[in-house]
Structure formats: structure tokens, C-alpha cells
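Each chain is listed here by its residues.
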Amino acid sequence: MKIGVVIFPGSNCDYDAYQAFNLVKGNEVVYLWHRSDDIQGCDAVILPGGFSYGDYLRSGSIARFSPIMKKVIDFAEGGGYVLGICNGFQILLESGLLPGAMLKNSSLRFVCREIILRVEKSDVPFLSGLTKGDLLSMPVAHGEGNYYADPATLSELESRGRVVFRYVDKNGVVTAESNPNGSINGIAGIINERGNVVGMMPHPERACENMLGSADGLKLFESLCAAAR
Amino acid sequence: MKFQADVQVILKDGVLDPQGQTIGRALAELGFDSIIRVNTGRIFKLEIDAESEAMVREIVGNAASKLLANPVIEDYKIEVIR
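Heads up: the protein sequence lines correspond to chains A and B, in order. Counted from 1, the first sequence has number 192 at position 193 by my numbering; the numbering is strictly sequential. Counted from 1, the second sequence has number 27 at position 6 by my numbering; the numbering is strictly sequential.
This is chain A alone, in the form it adopts within the complex (with noise of 0.2 Å):
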């Protein structure tokens, strides 16, 4: 199957979300230039971590009005899959994809560290590689991480079983010690009603070999291979 990893200028983690899916057996991974209004036929788009446009404005807020943004929101309207991580996730919620909003971290420092995730969900083909309750070990790198919805959206993505991935502690508690940007009920990560488009802060994609300190984050990929394949 064939992959396309999303370049705007600032993105710095185009390469690892690339070489994630090449670790995944009988991929095609190809680049998508900002300025290109050609996704190229692929089955799944990576939004990928980084600072694009320099974050000004707000993180996401200019990248989403870039040429490819517009054939990714067509895409994933199609039922396309779509996966954004960091400035990922952040262009997601500015482009609608996903409800809510970043706010800076509570502690309005840049965080820098490994953190535990709890699976929320598993039940859908994107996820269904990964199982509920699982803990996954990799890093957040962000500023403005601290996701925020208003009551009505957060209470349906609750009901709807649509939080994906929560901070947790070693026991798998959420915890606000646990949280490293002080989102909303430990949120990091969200998915929406169709299933094929899912948006998350830590980075999967770092956490692909053991020799980085986990190979958690590669579950997710191969899921998403096989969900798209």
C-alpha cells in the first residue's frame, strides 16, 4: 500500500514518520510537497510533527489552508485515512477534521518527555491492531498540547467512546502528574465519528525501535497498514 507523508515547511518529523513506515512490511512511502494539490492515489496521509509555517498565528492555523491540505480534507471526507501527529493533530483541529482546539500547556513550558499512554479504543479497523487498556510508552514534544473542548463536544466525544489515547501513570491511572500539558480528562489523542481520521500529540513515530527506548509506537503503524491495505 502506498503512504503519504505531508511536508510544510517547519515539519521536522516528516523523515521518522517516513522511515515508521518503512519498518511495515510492503509499503510504498512518497512525500506530498505543501504546494502539491496531488496526493498521488495514496491509501493513508501522515501529518507529521514539526512547527509548520512557524507555528505563527496559531499552531496549524496557516498550514491548513495550504494547496495538499485541500485534497487531504477531500480525502479523508471520502473515508481516507488520515493520521496526525503533534502539528499533526494541531493542523487537524484548525482544519475542522476533528472537533476542539490546543491550548498552550498548563505549564506554558515546551515539554519534553517520554509519557504513558492507555489505550482508549480498539474497536474500529484503524485501531484494531492495538487493544484497550494497553499501555504504550513514547515521547511528547510540545508546546501547545493541552487539548480543549467545550462541554457538549467533550461529553460526546466521551459518550461516543471517541478519546483514543489518555495520559497515564505506570499503574495506567489517569493522573494530572501523569499529564504533561494539562488536557482536557488526559485526552492525547482523539478520533472521529467515521473511524479513518485520528489525531494525537505524542509521537509514535519516535518510539518505532527498541534501540530509541520502545518500539510501542510501531503497533499503530502496522494497524493503520492493515486497516488501509
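Don't take each hint at face value.
[Stated by the list, open to error] DSS-like mimics (lysine-lysine), calculated; alpha carbons at most 30 Å apart, straight line:
#1 A:Lys69 with A:Lys218
#2 B:Lys66 with B:Lys98
#3 B:Lys66 with A:Lys69
#4 A:Lys169 with A:Lys120
#5 A:Lys120 with A:Lys218
#6 B:Lys98 with A:Lys69
#7 A:Lys131 with A:Lys120
#8 A:Lys1 with A:Lys131
#9 A:Lys131 with A:Lys24
#10 A:Lys69 with B:Lys33
#11 A:Lys69 with B:Lys87
#12 A:Lys1 with A:Lys218
No lab work stands behind these hints, which were simulated from the structure alone.
Following the hints, put chain B in place on chain A, whose structure we already have.
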């Protein structure tokens, strides 16, 4: 005709403003006891070439809702100056 418009963007009531809270604590430490709340935002100063103030309001309103503000977390106010 040239117009100037100021667009003030500020977090909605009820949205956590950690920057505002931090600035508020700093002000309290400096002895500004009477300042009980700080909200942060930003102002965009735009120059617009348009035929009427009504047109300016329409253009700037579209720009604000489409890009300058994120309506999920922010409100905006427009002030048009000739």
C-alpha cells in the same frame, strides 16, 4: 478608499488562559493587589482598500472568522478606523 481596522482576538470566557494566570500572579507579586484577573489576547492592525465601511466590515469579519481567530476558543471584536 483606505481604511484601518483593528481586530481584537481574545480567549472566550471559560477557556483556560495559563498565560493570563501567570501574568496575574506576577502582577500580584509586584503589589498590584487590585488587579484580580488578566486575560491575554492579540490585536491585528489591518489596512484595507475598499469602497465603504460596510464592505470593510464584511471583509474583515470573514478574515477574522476564517483565519485570525479560532472560533472554538476565541472571540473577536472589529473596530474600523477611517
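* Asked: For which of the previously enumerated hints does the structure constitute a violation, in increasing order of number?
  -> No numbers; nothing is violated.
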